[in-house]
Amino acid sequence: MSVEATKAVSEIKSEFAPLIVAFCCNWCSYAGADLAGTSRLNYTANVRIIRVPCSCRVNPYFVLRAFQRGADGVVIAGCHPGDCHYSTGNYFTRRRFSVFTNLLEYLGIEKDRFKVDWISAAEGNKFASVMNELLEKVHQLGPNRKLRDSRWKR
Amino acid sequence: MHKIGVFVCWCGTNIAGTVNIDEVVKAAAEIPGVVAAQNYQYMCSEVGQKLVKSTIKEQSLDRVVIASCSPRMHEATFRKTAQAAGLNPFLVEIANIREQCSWVHKNKEEGTKKAIALVRAAVAKAAGNTELIPGEIGVEHRALVIGGGIAGIQTALDIADAGYEVDIIEKTPSIGGKMSQIDKTFPTLDCSACILTPKMVDASTHPNITLYTYSEVEKVSGYVGNFEVTMNQKARSVNMEKCSGCGICSSKCPSRTTKSEFDEGLRNRGAIYTPFPQAVPNVPVIDREHCLKFQSGKCGVCEKICPAGAIDYTQEDTKITKKYGAIVVATGYDIISLDKFGEYQYGSHPDVITSLEFERLTNAAGPTGGKFVRPSDHKKPKKVVFVQCVGSRDKSERGKSYCSKICCMYTAKHAMLLGDKYPDIESYVFYIDVRTPGKNFDEFYRRAVEEYGVHYIKGMVGKIFPEGDKLLVHGVDALTGETIKIDADLVVLAAATQAKPDAEALGRKLGISTDMNNFFTEAHPKLRPVETHSAGIYLAGACQGPKDIPETVAQASAAAAKAIVLLSKDKLVNNPCVSEVNENLCSGCLECTHICPYDAISAKELEMNDHGKITKRTVAHVNEALCQGCGGCTVTCRPGALDLKGFTNRQILAEVDAICQ
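Residue numbers (this note's numbering), protein chains in the order written: chain X, 375 to 528; chain Z, 3 to 663.
Where hints are given, some of them may not hold.
[Claimed, not checked] Partial chain Z-side listing against chain X, Cβ under 7 Å, derived: (1) His76; (2) Glu101; (3) Lys116; (4) Ala119; (5) Ala507; (6) Lys511; (7) Gly513; (8) Ser515; (9) Asp517; (10) Thr595; (11) Gly633; (12) Gly634.
[Stated by the list, open to error] Pairs of lysine-lysine residues, derived as DSS-like cross-links and limited to a Cα-Cα distance of at most 25 Å, are as follows: (13) Lys407/Z x Lys381/Z; (14) Lys423/Z x Lys500/X; (15) Lys511/X x Lys423/Z.
For the record, the hints were derived by calculation from the structure and aren't laboratory data. Even glycine gets a Cβ: it sits at the ideal position worked out from N, Cα and C.
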């Protein structure tokens, strides 16, 4: 690669502000995000949270839609297995999305863009680190172009 | 088109410091559907709420978006505000621009951009909101208190005095908890038993209180106002009705090898035993693991000598299921195991004891009858060293990172009690810091230093060596840097407090969360300190974190008050954000019924008139009183007939779209 080309790539990278959509369950992960806030933990501003009652409320369609609309990464966060406010909701999440990840790969979406994780209400630190780690991965992968609807302007 | 009002809160500088409020307001005003965009310093204040109310009325708003702190903090506040202005409370949405934005992003430009995106998403969701009307559910007018220590007893007494039935479930054979093991209490030096045992008797004789001792919670189902709890009452092997509590059985039991839990292992008990003479109920239990009759079939002494014929070896565990409106968790604490603190010789030298063992050693009803002697040779010690923060404020893996809160005070108490009884005993206290933040606490500590001459040494103990019949304590005085060696006769370790080992499992049964130290988490550390995130479940005492007795009792009464408020209602309003079935789309596969943890979905027969021919069709039906609104069923539904009110597919997709803009 020529020097100019390398420079051009690095410029694109620095302009690249990834967008991460996080679906957080109301009882654990959303509270974890709140704790990250009250503890003033700095994490990437590229994360936008959508509150859902339980991680099992997240329809795989919502994830696809986020990718279509230009999200570069998607996280679903719920209570730790066994701690679900609704007893068993997150077990369904775990199952559905382990299958769904295969579909994503089949569609050509790198599976590193997508993550299901468990963040309790006491884990403000974990919330920040999960988001930062995903951002790091998305940065390496570059913008999501595969599913993105080109008519959608961001 | 909707008429949406957006209200942006500064939260003083909490939001305004890192978010350009004017820009957010300007951007909000440009979103289609938004007819009013306002800002105010404190939107949750009376003035702020008035602004919301008057704008709703003046501009006839039909949707409201508040850009402020977390909805977990003030969603209810603003819903009430909207309701007061004549709007359905469920037409309000919150954009969380404080916890999710201003507090975590320092860059003002980034923060403002994100705040606008969050507002846009909230507006998009609000546009899809519909008026929701909560249903009503009945309330079972009975409370369950889990744990029979001072917290549980106080809670139960308060609820019972208010006229409601209360059950106390206690794992051990008697109520009383840790407080019953304590000799004197700080800072008043009251005799612990003198203030606790009358309360224990009150609890056992109160017409509204039922005690389930030697019992554990097995299963909890249901929801606020309507919990169904199954408990397992372990076989006592003694008929509680026949037993008169004479105590002959325990005095004649030939098995004497079991360490008494109540006396912290400083004396042995029989296999049939009451934990302590003032136990409530005063009925012994047979510890089947150590009973000769149960282990080898030989013996049966207790049955032969019991004058009341109360011994019943055939008794079995019984399961009891009851309904409760409210549950108070008061399971208390433990002290940590000191296995990992080899340098202090605990466990390998009998004269290194924990503070709880010290309590038993100075207690008149304890193993030595209150005579303070060394466990090894029963001689009176002359020099006693107290080591504080053993495992507390310890960030290494063997200890606990938090302050156990009560140790500074009880160590001062111990040293003072020794000074009172035996003025010739010299006491040394090794401490990191002395923490005395309570009423009359610092005065108490200063008395220990000034009046009783207790030697306080700032510094930690590095190692303790047994030497002859002494214990050589090596420490450092952190203020002078000097190494200190004390030849002590007895060492008392103030071991850290910790959550009960089964707290997490109980939390799981109840659906309440524990923090990183396994203490139960309150709904809000400042504003809802006795509630949990599960409605109808409250916390009292040290199961929430280290607490002393006055704090525990205060919280117990607070939990009782909360429970009484709940029990005093005949009806509760339901969460209206529940699933609903579109019967036209439902194919009747009933996959959703398998996923519902509350059995809220069942089959329903629909009669259809198909060109004059009546046919029947099965569809799913949601019982709104049972549905808790998790939304798991909506994803399972193949034809997409199920949707969750308040979090509909359309609303969430609209949020996704708006957030990605």
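Review point. So which hints don't hold here, by number, going up?
Key: 1, 5, 6, 10, 13, 14, 15
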